[in-house]
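**Q** Sequence:
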Amino acid sequence: MELETRKARLEHASYLRLSKGVHWVSGISLLLMVLMLGTMILSYIEHTTLYRPFTYTLYSWQALLCLAGLLYSRRRPQPYTHWKTHLLGFITLFSLSWTLVIYHVSEVSRTLTSAELLAELMIMMSLLGFYASARITLTMVLPVLSISTYITYLSADHSVTLASQQFIITLLVLYTGRRTLYHWFVNSITKEHDRQLLLNQLNLLVSQDQLTGINNRRFFEYELEKQFRACRREQQPLSVIMIDIDCFKQYNDNLGHPQGDACLKQVANILKGCILRPTDSVSRYGGEEFIILLPATDLAGAKKVAMRIKTSLNEAALSHPYSAISPLVTVSQGIAQLEVNQRSSQLIEQADNHLYLAKAQGRNQFYAQATS
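Residue numbers for the sequence shown follow full-length UniProt numbering, beginning at 1 and rising by one.
No wet-lab data here; the hints were simulated from the structure.
Please read these numbers as outputs of a predicted model, since none were measured by experiment.
There's no promise every hint is true.
What the hints assert, rightly or not - Simulated DEER-style distance windows between Cβ atoms:
| hint | residue 1 | residue 2 | range |
| --- | --- | --- | --- |
| 1 | R217 | V186 | 35 to 45 Å |
| 2 | I28 | R229 | 38 to 48 Å |
| 3 | T39 | E192 | 50 to 60 Å |
| 4 | S207 | L181 | 32 to 42 Å |
| 5 | Q236 | Y175 | 55 to 65 Å |
| 6 | T85 | Q342 | 27 to 37 Å |
| 7 | R217 | Q259 | 44 to 54 Å |
| 8 | L181 | Q236 | 48 to 58 Å |
| 9 | Q342 | R277 | 20 to 30 Å |
| 10 | K249 | L202 | 27 to 37 Å |
| 11 | E192 | Y356 | 43 to 53 Å |
| 12 | G286 | Q346 | 37 to 47 Å |
| 13 | H158 | Q78 | 16 to 26 Å |
Using N, Cα and C, we set each Cβ at its ideal position, and we do this for glycine too.
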């Protein structure tokens, strides 16, 4: 699996963080709405019919928005195309609705302090819930902060200076607080990304053959066990092809190890090009031996791959002047399919035996006789 880019990982993390923020803020808001409505019914609404219809309408609307927020946060685990636009639209409605609620509290209760406390609570919740996006934070905070400033203006005997100071100071605190939280957030994501990148690089080093660039034996053994369990569970066939370059010792002894290494690389690339599915894999098994793992493939399918390998090598026409079989580089192949009650180690042993038979019968061929 390809590693996400740092930008994509940050985008994904921001989406998850904001979704959790919407869920948290909506849940707390719904609880507040229930408590506030209950308090108002007991203390104020029962004495005043003027505000009752508007109160029920406003609070019902706000409760629906809270429920929508709870549902939205469970919508999708992955960011989708227009998620920022949808979230911004929801937060705009949510913020304006809360602004009306706060104003309503100040008018109905005639206690400006309650409205101010509610506004401050919403501002703090917005900072903690939406710090992953400056735009979302400001969209949520500005309407609430504006009504809070207006309430301060009323409670301070219409003091423009005091109200302005509160507005500016609150904005500065929000700016620095969000920036600090976002810095921690980005650092956390970056460290996780770098850690995963390093882990992938280490896994690549221990699972990749350094000479040919294809998978090594360690990878094959791990992948074999994984595919073995999967094929047993899903009742699917599993085949392997063990491959050996014919007369490679003579090639190496006469042309030298650098030429031998170059030959191994060329053969590895040809083998890699002969597997067509992402679940198939080719690995260097050791020396001039390679092995191909073919999940969900029976003997007939494995034979097609073996024939494709033989044809591709003929077309590549890699010179082998010291081969007793052909003037070109050729391979012998042993094919085996997993049988009922057979262990994975027995499958490899069977493929190795078939490779031996392919060599014994003249090389430059594959052997795939099924055993009972």
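**Q** A separate judgement is required for each hint: does it hold in the structure or not?
**A** Going down the list of hints, with the structure as the test:
no., hint, result
1, R217 / V186: 35 to 45 Å, "holds (40 Å)"
2, I28 / R229: 38 to 48 Å, "holds (45 Å)"
3, T39 / E192: 50 to 60 Å, "violated (44 Å)"
4, S207 / L181: 32 to 42 Å, "holds (39 Å)"
5, Q236 / Y175: 55 to 65 Å, "holds (58 Å)"
6, T85 / Q342: 27 to 37 Å, "violated (56 Å)"
7, R217 / Q259: 44 to 54 Å, "violated (23 Å)"
8, L181 / Q236: 48 to 58 Å, "holds (49 Å)"
9, Q342 / R277: 20 to 30 Å, "holds (23 Å)"
10, K249 / L202: 27 to 37 Å, "holds (34 Å)"
11, E192 / Y356: 43 to 53 Å, "holds (49 Å)"
12, G286 / Q346: 37 to 47 Å, "violated (19 Å)"
13, H158 / Q78: 16 to 26 Å, "violated (51 Å)"
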